[in-house]
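Peer 1: Residue numbers (our numbering), protein chains in the order written: chain A, 1 to 267; chain B, 1001 to 1649.
Note that these hints are calculated values from the structure, not bench results.
On a predicted model such as this, the values are computed, not experimentally measured, just so you know.
Certain hints may be false.
[To be verified] Partner residues are not named here, just some residues of chain B that face chain A (Cβ under 10 angstroms, in silico):
{"id": "1", "residue": "D1295"}
{"id": "2", "residue": "Y1303"}
{"id": "3", "residue": "L1583"}
{"id": "4", "residue": "P1597"}
{"id": "5", "residue": "D1642"}
{"id": "6", "residue": "T1643"}
[As the list claims (entries may be wrong)] Computed footprint of chain A on chain B, listed as stretches where at least three residues anywhere in the stretch have a Cβ under 8 angstroms from a Cβ of chain A:
{"id": "7", "stretch": "1286–1292"}
{"id": "8", "stretch": "1454–1461"}
{"id": "9", "stretch": "1587–1594"}
Backbone N, C-alpha and C define an ideal beta-carbon position, used for all residues, glycine too.
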Amino acid sequence: MRIGIGLPATIPGAPASLIVPWAQAAEAGPFASLGVHDRLNYDCLEPMLALAAAAAATERIELACLVLIGPLRRPALLAKQAHTLDRLSGRRFTLGVGVGPREDDYQLAGVPWGARGRLLDEELAFELPVPVAVGGGSDQAYLRAARAAAGYVHGGGPPRAFRSAVDRVLAAWSDLGRPGRPRIWGTGYFALGPDARERGMDDLLRYYGFLGSLAEPVAAGQLVSSAEEVRAYAEGYRENGCDDLVLFPTIPDLEQLERLSEIVSSI
Amino acid sequence: MVGGGPGGLYLSVLLKDLDPRHQVTVFERNRPDDTFGFGVVFSDNTMGFISAMDQRVYPQLIRQGVRWEPIEVRHGGRVVRCGGIGFSAIERKLLLQLLQQHAAARGVELRFQTEVPALAALGDEFDLVVAADGVNSLLRTELAHHLEPEISEGGTRFTWLGSTHRYPSFTFLFARDQFGEWAVHIYPYREDGSTFIVEADEATWRRAGAESWTETDTIAHAERLFAADLDGGRLLSNRSLWLRFRTVRCRRWFHGNVVLLGDAAHTAHFSVGSGTKMAMEDALALARAITSRGDVADALQAYVSERRPRVEHIQRMAGLSQAWWESFRFNYSWPAPRFAFHLLTRAQMRYDTLRDRDPAFLEAVAADSGVTDLMSRVAAATPPGSGPVAEASEGCAFVFSDLLAVAPEGRIAAADRGLWCDEQVEEWRQALAGARTPVYARLNHAGPRASMRPRAEGIDRPLALERGGWERVTECAPAIRDLFVAAARRALAAGFHGLELFFAHGYLVAAHISPLTHAAPFEERARFPVEVVAAVREVWPRERPLLVAYSATDWAPGGLSAGEAVELARRFRSAGADMIDVLGGQTTARSQPPYAPCYQMFIAGKVRNEAGVPVITAGGVGDLDDVRTILYSGRADMVALDTVRIEAT
């Protein structure tokens, strides 16, 4: 299993000037990939543009949207952007797509929430010129991944929940008679150092606020805040079939990346 | 709050706790101590979830009830117990009294024996109107145009009785008389009482003449039938009418400032014990949404977003459970351990989940199953585009080949293998010479799903004519039958050990079978595939197995019915098939299987046990525990592993 790190692009208040040094430090460290999330109605950076900046500042590390809310973009333009990022990065880009969980992103984009599944299907039927992975936790998402993608992106959570989703993706993959195996991406969040748990939860409770009473358990289930927790989370994902685990920061500070580098180097 | 049941009262209490400034009025038609039903049940999981949210009221309520762990099944004179599945229960009347006290103590205005004012008046007087008025909700009916409720009735009849005996645990009774099969669901809820629900399928119930029974007649019948299992208790009635279960689903849960809660919004068959649980979880979510959001519309949207996926999941599980109670008569003569295992695995439970709870029970199930050598019941399949045959199949009973086209135009992708000419016979003869596991040829005509790009690039991506594509065949003409017969002859010449006619997954013959792709009566859709089976049997020797695979469910609304699936399997068998391969889906792009572990075992079991045919099935089978789940529960005779997971297994 490879381990990647998220860009600090979805933390409200994080300076955009952090993106380039973060990407360079990740590339110099033990990380296989740089991931980004996607939110429209939220204080964060647009993921494809953030990755473009990272692409220009790096040479080796893979770049991945985990995931991009596909239906917010029109297929032809999305394909063009993916193609551009693919060329800018020298074929290091993977496009993870999903419908996302928030209706307000769709309202802001002027895209009907009720049409999200159909729009994503149309996008996947379109020629996307890069490796595509599908994210989500529904039967529709598993079917889409098996029908039209080369990989699957899990939204994060305890290894048991990850395992359950992987079982379903592999069931869909087998059902449709796809040869080979899908590339399975796992995700999580990290916060390290003094008051790590508290600071990490602060960020995640804001990020998952739209889930109401579920925000707390959802956030707690995917935040690791010590070396032991990072190792246990990674081991749980590895033994349950994860190919790439990408840990996203919750505190926008380079020392967070350094702390994680140290732990990941020892795994 | 319209309706003073557990959901409405609990929401009132929670609202006051979260913000004492809320003004809450509850309208209830009945008196405070009128109640229907006897006890309500909560699983340990529910308890954990709710008590994480509410440490004040709920745990106190449940301490008043009783808790038990094993499930007991009494069937055919034997008692089978499975431990480790914890539940709590409380008397419904007590639950209501406690909630009424909590509500009154917090200043909730409780108006009993009060007809609800007109909706228009309510909507003007209150910021929010909660319709917690039950399965027959008047408010929902009044707003039906906006909420679009859909109500479906189950295929059994049941009645709620009580027993004066406190059974030691969750208990299921089964009995058979001259009219048919009867079942009882027993939930103990206090030291001297248990809920006692009697259920029978519609035909049995009618044959018994129960239509004209009074409550006294019902009790007399139940006491006679279950005399050995009353354990000294008497049966009691309380408006115990024989009902059909009504499952309520609503397209929308709110309109303006009127929102549905609990049974008014959704119901789920009582055999999963979730009615009150869902109402109380609704109340928790709604209370939080209202308190944390300034705007009513915003809060209601948040409430629905949180609750709908969870409720739909429970309704799916309840649908599976309900189907079990509608058809257990087909398995009635099974030995008790297998019957009990079939019952316990009717929705979410699998072999491994139960083994962790009660290993001794699972040992009894295994010993009783008649399965001695597990691997002799396991098959592997070769995914399209790989192969010629899966290498990791050693130890399996046999391995299916890749889909072999009976004609060049019946290939899915250009590089697919086939058996349409004699050169291919020679290639296969050589490939099979080295095979250490018997290989069964899967004969297919891709029909409308032919001329696609390689499956490595994705499924159903058309190959354009100018890039080497070809015209697709969509009609099942007699010449197609002849293609299958000729390919079967070649399979024999090549030395395949078995043969499967692949009529599943939306390919040519599957598209002929499904009403979604062929608008014709069942007889017309069934004739051609059955003819092909008979014609192939003529040329395929008796001593080599002939299998027929079909999509017994299209996994899409309006597809092949379960009754048609059972009948078709019967006809395949009569036409000469040795075993039926029960698969599903891929009929159209809208087919959506539920990709849970062993997800096709329910339809497989239905086909096997109702048509009385040997069955192999597949789908969500990742390891040997999944195989055990399916074989030990008598839902199939053989199982094919998921192709991606063969090596891991």
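Peer 1: Run every hint past the structure and note whether it holds.
Peer 2: Hint check:
1. Interface hint status for D1295 of chain B: violated, as the beta-carbon distance to the closest one in chain A is roughly 13 angstroms, over 10 angstroms.
2. A cut of 10 angstroms between beta carbons decides the hint on Y1303 of chain B: the least distance to chain A is about 8 angstroms, and the hint holds.
3. The closest approach between the C-beta of L1583 of chain B and any C-beta of chain A is roughly 9 angstroms, which is under the 10 angstroms cut-off, so the hint is satisfied.
4. Restraint check, P1597 of chain B versus chain A: the minimum CB separation of about 6 angstroms is within 10 angstroms; hint holds.
5. For D1642 of chain B, the interface hint holds, since its Cβ comes within 10 angstroms of a Cβ in chain A; the closest pair sits about 4 angstroms apart.
6. For T1643 of chain B, the interface hint holds, since its Cβ comes within 10 angstroms of a Cβ in chain A; the closest pair sits about 4 angstroms apart.
7. With a threshold of 8 angstroms between beta carbons, the proposed coverage of the stretch 1286–1292 of chain B by chain A holds, since 3 of its residues qualify and at least three are required.
8. By the rule of at least three residues with a Cβ nearer than 8 angstroms to a Cβ of chain A, the coverage given for the stretch 1454–1461 of chain B holds, with 6 such residues.
9. With 4 residues having a Cβ less than 8 angstroms from any Cβ of chain A, the stretch 1587–1594 of chain B passes the three-residue criterion, so the hint holds.
Consistency with the previously given hints fails for number 1 only.
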